[in-house]
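Asks: Chains as they are written, first to last, in this note's numbering: chain A, 73 to 404; chain B, 4 to 237.
Be a bit skeptical, because a hint or two may be false.
[What the hints assert, rightly or not] On the chain A side, residues computed to face chain B include the following (Cβ under 7 Å): (1) G230; (2) I243; (3) S340; (4) W346; (5) M349; (6) T350; (7) A361; (8) V363; (9) V367; (10) D381; (11) N384; (12) A385; (13) E386; (14) P397.
Don't read these hints as lab results, they were simulated from the structure. Heads up, the beta-carbon is just placed ideally off N, CA and C, and yes, glycines get one too.
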Amino acid sequence: MSGTMAEQPRTAVSNPPVRALAANFGEQDLVRRSATGSLPAPQRQLTPVAKLIDVSKCIGCKACQSACIEWNDTDPAVGVNAGVYENPHDLTDQMYTLMRFTEWVNPETSNLEWLIRKDGCMHCADPGCLKACPAPGAIVQYTNGIVDFIQANCIGCGYCVKGCPFNIPRISQADHRAYKCTLCSDRVAVGQGPACAKACPTQAIVFGTKEDMKKHADGRIADLKSRGFANAGLYDPPGVGGTHVMYVLHHADKPGIYSDLPENPRISPLVETWKGMTKYVGLAVMGFAAVGSIVHGIFGRANRVAREDEENAEKLVDGRPVPPPASEERAG
Amino acid sequence: MSAVVPPIPQGNAQKGDAVHPGSPVTVNRYTPMKRLNHWITAASLILLALSGLALFTPSLFFLTGLFGGGQNTRAFHPWIGVVLFLSFFIFFFQLWKANLPERTDWIWLRKIKDVVGSHEENLPELGKYNAGQKFIFWSMTALILVLIVSGVMIWEQYFTQYTSIPVRRIAVLAHSIAAVLIICVFILHVYAAIWTRGTLRAMTRGTVTGGWAWRHHRKWLRELAARRKVGPAE
Ligand code: HEM
Ligand code: SF4
């Protein structure tokens, strides 16, 4: 324990501290907390951070994957070779980031381009997982933009999987809790950048304030354009309010070629309806039905069997004459 | 009027239904097995509503406490759903014939004001079930089918890998809408059973009084009375 608070990191390349530092953000910095109506407003605004992944600089070495496993102490199962470079074959509850490889023939040049995209949580400004989550505090968002899963509060329902526009969260079959990239919130809190960015040998992954990362991206995009990639650009999709993990793409006009990166991701209208309209209308209708029947039950007049009904039944069973069946239409 | 034996009225009487003379007359409406099964259905529906509503809205998340926390609520709910599905469909196959729509149902529905106003004298004579009970029967049937199918699709622990995420989004939306509807139908069902005094004992003791049957299901009572005269009673 030390009273000195860590600086907010502006890069991933700084050396680790040599003595223990107090975390520079925490519970008091939440802007959103799943299934929580009244969250106290944060008293300060942290500088938004971002990870920038420059697809054009990635060599597919998977150092970032290894660093991720190392730092988060996960244990992905030993895989099998299915004839593709992805290893494992998908994100798992033990593998928060995955290099996805695409062999793409550019129709303009007829060149084979090897597109490698580091997949993982995008840390949306408007997170679909958090919107979908029914468990208070299982998903949180800090004012610096980091979206984090708090496994202690997670109930394993898998709603976050349906809420996410990027298909990122994975539910562990061992402890039935959701896992994904944390943007190394535990490292950022002590002034360090994410483990993947730190490990990347080509600096294809860089980390800093979101503003700095955008500036850095501008430089990279200008460089790519000068080298013939006319459509180079930044992937910071506005449909989810922007993201705190961004890509520099050499073909930013076609995000789909990078292993189905969504063109215009947004929270699905089905999820919006499920977590919006259905809840308001549903609660109103059920409440009305419940309260209405209780009130009517107390103040309304019940339908009681009359003496006469019992007498008629006795006569009928004894074979004495009773009122005959009326015509089906019974005059009313 | 004539010497011809009148035809036995068709009142959807079922195996096990019978009248017993007395004061009041008692009428067997549900056998012990049917009642046991009905209470299993009712208990599972209530537990499903409580555990489901806990996840439906944060303001009811505290209901997870009844099931031993969020993880347990998530784990138990679908299993209770399986119990509900099985018990309801045993019930379904016993009752569906008596719940087929008939001409008198439409007349009854047109006179819904007289139903609500307890003016039985203006209503047609009915068999074992009225149109309201039939509505509850068929809407429960349809909603439970929607709930089991959508529920299995979103059953994270065992089944989610069989459907794509976009399909599961539809399933979870359908599940929550169907849940709202079935809870409303359930409230209507319980309310109608309480408002119509003398009904609840059909599910506790299995019998109703002759007067109740005369008032609400006269055709059914006439059939049982006629059968008692012509043939072996039970
Ligand atoms: C018939 C079989 C059923 C199955 C297999 C089933 C399954 C599920 C599953 C898997 C979930 C997600 C949470 C979890 O994993 O526990 C869920 C949620 C839910 N269920 Fe069911 N269920 C069934 C019946 C019902 C019934 C009868 C009701 C209502 C009385 C109901 C109400 C709900 C509600 C309200 C939710 C939460 C939906 C939301 O978050 O919007 N379920 N169900
Ligand atoms: S599985 Fe996802 S949505 Fe469900 S409680 Fe856990 S974090 Fe929330």
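Asks: Indicate, hint by hint, whether the structure satisfies it.
Replies: A quick look at each hint next to the structure:
Here the hint on G230 (chain A) is kept, as its CB sits about 3 Å from the closest CB of chain B, short of 7 Å. At a threshold of 7 Å, the smallest CB-CB gap from I243 (chain A) to chain B is about 6 Å, leaving the interface hint in force. Because the beta carbon of S340 (chain A) sits about 5 Å from the nearest beta carbon in chain B, less than 7 Å, this interface hint is met. Annotation: W346 (chain A) was flagged as interfacial toward chain B, and the flag holds, the nearest CB pair being 4 Å apart, inside 7 Å.
This hint is violated: M349 (chain A) has a C-beta 10 Å from the nearest C-beta of chain B, more than the 7 Å allowed. Hint on T350 (chain A) holds. Least Cβ distance to chain B is approximately 5 Å, under the 7 Å limit. The criterion of a C-beta within 7 Å of any C-beta in chain B is met by A361 (chain A), whose closest approach is roughly 5 Å, and the hint holds. Checking V363 (chain A) against chain B by beta carbon gives a least distance of about 10 Å; that is not within 7 Å, so the hint is violated.
A cut of 7 Å between beta carbons decides the hint on V367 (chain A): the least distance to chain B is about 11 Å, and the hint is violated. Residue-level restraint check for D381 (chain A) holds (minimum Cβ-Cβ distance to chain B is 4 Å; threshold 7 Å). Contact between N384 (chain A) and chain B, as hinted, is supported at the beta carbon level, the nearest pair being about 5 Å apart and thus within 7 Å. Of the supplied interface hints, the one on A385 (chain A) holds, with its beta-carbon coming within about 3 Å of a beta-carbon of chain B, less than 7 Å.
Because the smallest distance between the Cβ of E386 (chain A) and any Cβ of chain B comes to about 6 Å, under 7 Å, the interface hint for this residue holds. With 7 Å as the threshold, the beta carbon of P397 (chain A) comes within range of chain B, its nearest partner Cβ sitting at about 5 Å, so the hint holds.
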